[in-house]
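J.: Here the protein sequences come in this chain order: A and B. Our numbering applies: residue 33 is where the first sequence begins, and numbers increase by one. Our numbering applies: residue 200 is where the second sequence begins, and numbers increase by one.
By construction, these hints were calculated from the structure, which means they are not laboratory data. Watch out, some of these pointers could steer you wrong.
Claimed, not checked - Here are some of the chain B residues that sit facing chain A, going by a computed Cβ distance under 8 Å: (1) L236; (2) L303; (3) R344; (4) I358; (5) N423; (6) Q437.
Ideal Cβ positions, reconstructed from N, Cα and C, are used throughout, including at glycine.
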Amino acid sequence: MTLGPHAAFIVAAYAAALAVVIGLISWVIADHAAQRRLLAELETRGVTRRSNKEAA
Amino acid sequence: MALIDLANPARFLALTARILPWLATATVVVFAIGLYLVWFVAPDDYQMGAVVKIMFIHVPNAWLAMGVWAVMCIASIGTLVWRHPLADVAAKAAAPLGAAFTFLALLTGSLWGRPMWGTYWVWDARLTSVLVLFLMYLGVMALWRTVDDPSRAARAAAILTLVGAINLPIIKFSVDWWNTLHQPASLLRMGGPAIHPSILTPLLVMALAFLLLFFTLHLAAMRNEILRRRVRTMWLMQAHAAS
């Protein structure tokens, strides 16, 4: 497989796509971890949601 | 489970937890098939040569750039008309993804344009209207950040999104209405696709892969947004109890 004289443009396009996709996945995973951590901290402090109190 | 049950965020979270692993797996599998077809099966184009490989990421991202805005429009109608609890969550979660896909469409188009057109950029109607779409995504994201109250932010963002929908037909038909350097539609056109199946098949597989990626990331981002609102509610309750 040869990419011809414009190989740098092809490789740059795929590298950029890979970087953006990895960035999006990392953002979603990091955001989820952050929200989970904040929820856990609040629950440790005894703050519970109204629906949780009603369920209890 | 009835569809209306999904309006309940707790049920939506439970469903998301079950669906996400399968969706993520399907995304990886379809990407693997698509990339294999692109790099080992699809021939070079008789005019573009190997540069046609850029089209396999440019075209799906260009479709998603418009498709995600259409999803945000549907969600915005849900916010303004039915005040559906998940509608503004869906719209807010989709905006950064749409911005990323639009950015990739612009960047890969530019990297294709330099060897094929001799320039990275021209101010023709198609390229300019897609750049406007990218700026509109950034505008909606900025609007969400500037208004503290999520329900007020949702209504403002929904109105901006629906007004911005006027740009979608402009993007689609710009190549017909104006004399552009960007070529006319070669797939979604009267008379059927003008692309040979040896290139069309990998293109459609890659489009499916990016679509699955969007579904996966959108569900995950919606889950995060629901959790963010729970955190906000609990902070407010804590502040209320303290005062």
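J.: Please go over all the hints and tell whether each is borne out by the structure.
T.: Verification of the hints:
1. L236: Since the shortest Cβ distance to chain A is 13 Å, the answer is violated.
2. L303: With a minimum Cβ separation of about 5 Å from chain A (threshold 8 Å), the hint on L303 (chain B) holds.
3. R344: violated (14 Å)
4. I358: It is violated, given that the least Cβ distance between I358 (chain B) and chain A is near 26 Å, above 8 Å.
5. N423: Interface hint status for N423 (chain B): holds (5 Å vs cutoff 8 Å).
6. Q437: holds (5 Å)
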